[in-house]
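Protein chains: 2
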Amino acid sequence: MDPFVLLKKDMKEKQEQVNIILDRYLPRKDEYPKEIHKALRYSTFAGGKRLRPYLTMLAYQLYKDNLDPITPVAAAIEMVHTFSLIHDDLPDIDDDEYRRGKKSCHAVFGDGVALLAADSLLINAFEIITYAEIDDALKVQFVRELAQESGIKGLIAGQMLDIESEGKKVDKKTLNFIHNNKTAGMINIALRFGALGAKAPAKELSVIEEYGSKIGLVFQIVDDLLDIEGSSAKLGKTTGKDEAQGKATFPAVYGVEESRKMAHDLTEQAKTAISTLGDRSLKLRILADHLLSRKS
Amino acid sequence: MDPFVLLKKDMKEKQEQVNIILDRYLPRKDEYPKEIHKALRYSTFAGGKRLRPYLTMLAYQLYKDNLDPITPVAAAIEMVHTFSLIHDDLPDIDDDEYRRGKKSCHAVFGDGVALLAADSLLINAFEIITYAEIDDALKVQFVRELAQESGIKGLIAGQMLDIESEGKKVDKKTLNFIHNNKTAGMINIALRFGALGAKAPAKELSVIEEYGSKIGLVFQIVDDLLDIEGSSAKLGKTTGKDEAQGKATFPAVYGVEESRKMAHDLTEQAKTAISTLGDRSLKLRILADHLLSRKS
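Those sequence lines, one after another, are chains R and W. Be aware that the first sequence starts at 0, since it is given in numbering that gives the first Met the number 0, and climbs by one per residue. Be aware that the second sequence starts at 0, since it is given in numbering that gives the first Met the number 0, and climbs by one per residue.
Isolated chain R (complex conformation):
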């Protein structure tokens, strides 16, 4: 069977597992006060790919079959991701009306509700880690590392520099800073948490992180290329907007051809790195190819 078909089946199954956990830990949408509960669930279940939790689960399954202990951690990473998208879309930052093929949170519920809904998702992410069936020392480590990776030395720094760079000509160093922090860092930590949760040996952990840092960049480069080439219908968000806003993108800094080549080379390097773990890394290799060739 086509390896991509197999992968998509696996992704779909794990997506559903994550959705069950998200549904379990998010309050009902009819709870009081209603608007914010509706907003929370609207953005959480707006059809995301669940790439980050999928990575956590794949890394965990390099070592262990039963995903139950790690799924809340995977869901926590997705919550932080959704939080960052909602705040990014606010008029305070990108002012984007569409996300994942639907109206963005603030476009439906208003700025104040969207702001607070995202805040509560972020807060919920830290709470949900405490419910994972892992030992306390690991919970504390996950809380600390998730905070570091999503905070002022990670995701937030990337978003901040993204704002500052708008309309300016950015250099390679700035571009790398933005995307290492904003995208690659969270993708990497998703894999790292899966591996740490399964008590991966240190040497293998560093292989997994090498793979993660490379596919994280590929993910962003392909995102930037799709923004130029893709159609709004497939991507589910406003396309061509990066260029219009003068955003710091790989094609803008390296050119389209060079960006494509970078994505290709990084994918090969990621696959080579993870291959050292043998047959059990097959899904991660197929995933790397999928992230390179995806059209949405």
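For the record, the hints were derived by calculation from the structure and aren't laboratory data. Careful, some of the hints might be misleading.
Same chains, same names: a pair is fine if it fits in one copy or spans any two.
Lysine to any residue pairs mimicking SDA-like chemistry, simulated, CA-CA at most 25 Å apart [unchecked claim]:
1. 37 to 174
2. 63 to 229
3. 7 to 170
4. 172 to 29
5. 171 to 46
6. 28 to 173
7. 198 to 137
8. 198 to 143
9. 63 to 134
10. 63 to 205
11. 48 to 167
12. 48 to 175
13. 152 to 30
14. 171 to 30
15. 202 to 143
16. 246 to 0
17. 7 to 212
18. 246 to 1
19. 37 to 90
20. 102 to 92
21. 202 to 45
22. 37 to 92
23. 102 to 162
24. 11 to 284
25. 294 to 251
26. 198 to 135
27. 28 to 147
Quantities reported herein were computed from a predicted structural model and do not represent experimental measurements.
Could you slot chain W onto chain R? The hints should help.
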């Protein structure tokens, strides 16, 4: 000596201890990207009363002298408080230009920077708990409870309902919901964390919580009264604004005289409750009187 003078001296000393911890755990203001680092420190050191961390420290000192193990936890609560003020002041919510006697964060740094600076303070709060010198089980408990109290079932719910109620005539139930969640809850958890950190006996913990829930409401009632009576210069924020915005306040729902009486009665009840802990609760009793009679 005047008990208030003694109390103010103690508050000032503990404020300084909290400031040292905040300074230690927040990144330098000249770090990259600069704007957000400046914004973070601007709001954190804009002259807050540090009431919440002070409560954590007083509750802890009912049992133990050396505050070092609990001070990061106290600082974490202050970070969450500052986060909530910055987001509250944004145009998305209250659109307030002044806070603590200075221009509010977004008025100085812009909406996007203020939004992200507050996000990173919130995230940092969870991180800093992991550095406290307490056992892992307690760190996990604090992360979970801080998330619960500051999230969609606590502080955020209070803020949300505060927005929804603007310009409407609110009933007593709604008013209580808002302020139990928005103010009293965080004040209560500040005390609770101090007591839990010092391994307070369950029976005494419930006395401390009874005291906390009452002074939490007193704090809010007095805030509402000062908004009507106080001068902007003393309070350091725009006064008379609650009424202008049609905010849900105690004087609006109960009238000024009844609100004053409520604050007075709750203070007496709080003092009676905490008196059962004997002489060591003296500072908490003086503090209750101080919160009732404060003019700013």
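Against the structure, the hints come out as follows:
In the homo-oligomer, the alpha carbons of residue 37 and residue 174 lie at most 25 Å apart only across protomers (22 Å), although the nearest pairing inside one protomer, at 36 Å, exceeds that limit. In this assembly of identical chains, the alpha carbons of residue 63 and residue 229 never lie at most 25 Å apart, being 38 Å within a copy and 63 Å across copies at closest. For the homomeric pair residue 7 and residue 170, neither the shortest alpha-carbon distance inside one copy (36 Å) nor that between copies (52 Å) is at most 25 Å. Proximity of residue 172 and residue 29 under a CA criterion of 25 Å is satisfied inter-copy only: 19 Å between copies versus 47 Å inside one chain copy.
In this assembly of identical chains, residue 171 and residue 46 lie within 25 Å of each other by CA distance neither inside one copy nor across copies; the values are 32 Å within and 40 Å between. When the C-alpha separation of residue 28 and residue 173 is checked against a cutoff of 25 Å, the pair qualifies only between copies, where the shortest distance is 19 Å, while the shortest distance within a copy is 41 Å. With identical chains, the CA atoms of residue 198 and residue 137 are at most 25 Å apart both within one copy (10 Å) and between copies (23 Å). Within a single copy, residue 198 and residue 143 get their C-alpha atoms as close as 17 Å, and across copies as close as 24 Å, so both meet the 25 Å cut-off.
In this assembly of identical chains, the alpha carbons of residue 63 and residue 134 lie at most 25 Å apart only when taken from the same copy (16 Å versus 28 Å across copies). Taking the closest pair of Cα atoms, residue 63 and residue 205 come within 25 Å of each other only inside a single copy of the chain (18 Å); across copies the shortest separation is 43 Å, beyond that limit. Taking the shortest alpha-carbon separations for residue 48 and residue 167, neither the intra-copy value of 31 Å nor the inter-copy value of 41 Å comes in at or below 25 Å. Only within a single protomer do residue 48 and residue 175 lie at most 25 Å apart by alpha-carbon distance; the minimum there is 24 Å, versus 41 Å between protomers.
Only between protomers do residue 152 and residue 30 lie at most 25 Å apart by alpha-carbon distance; the minimum there is 10 Å, versus 35 Å within a single protomer. Taking the shortest alpha-carbon separations for residue 171 and residue 30, only the inter-copy value of 19 Å comes in at or below 25 Å, while the best intra-copy value is 47 Å. Only within a single protomer do residue 202 and residue 143 lie at most 25 Å apart by alpha-carbon distance; the minimum there is 22 Å, versus 32 Å between protomers. In this assembly of identical chains, the alpha carbons of residue 246 and residue 0 never lie at most 25 Å apart, being 40 Å within a copy and 63 Å across copies at closest.
In this assembly of identical chains, the alpha carbons of residue 7 and residue 212 lie at most 25 Å apart only when taken from the same copy (22 Å versus 52 Å across copies). In this assembly of identical chains, the alpha carbons of residue 246 and residue 1 never lie at most 25 Å apart, being 36 Å within a copy and 61 Å across copies at closest. Taking the closest pair of Cα atoms, residue 37 and residue 90 come within 25 Å of each other both inside a single copy (20 Å) and across two copies (22 Å). For the identical chains of this complex, residue 102 and residue 92 are neighbours both inside a copy (16 Å) and across copies (21 Å), given an alpha-carbon limit of 25 Å.
In this assembly of identical chains, the alpha carbons of residue 202 and residue 45 never lie at most 25 Å apart, being 38 Å within a copy and 46 Å across copies at closest. Both within a single protomer and between protomers do residue 37 and residue 92 lie at most 25 Å apart by alpha-carbon distance, with minima of 23 Å and 18 Å respectively. In the homo-oligomer, the alpha carbons of residue 102 and residue 162 lie at most 25 Å apart both inside one protomer (22 Å) and across protomers (22 Å), since each shortest distance falls under that limit. In this assembly of identical chains, residue 11 and residue 284 lie within 25 Å of each other by CA distance solely inside one copy; the values are 17 Å within and 59 Å between copies.
Taking the shortest Cα distances, residue 294 and residue 251 sit within 25 Å of each other inside one copy (20 Å), while across copies they are farther apart (57 Å). Taking the shortest Cα distances, residue 198 and residue 135 sit within 25 Å of each other both inside one copy (14 Å) and across copies (18 Å). Within a single copy, residue 28 and residue 147 get their C-alpha atoms only as close as 30 Å, which misses the 25 Å cut-off; across copies the closest is 17 Å, which meets it.
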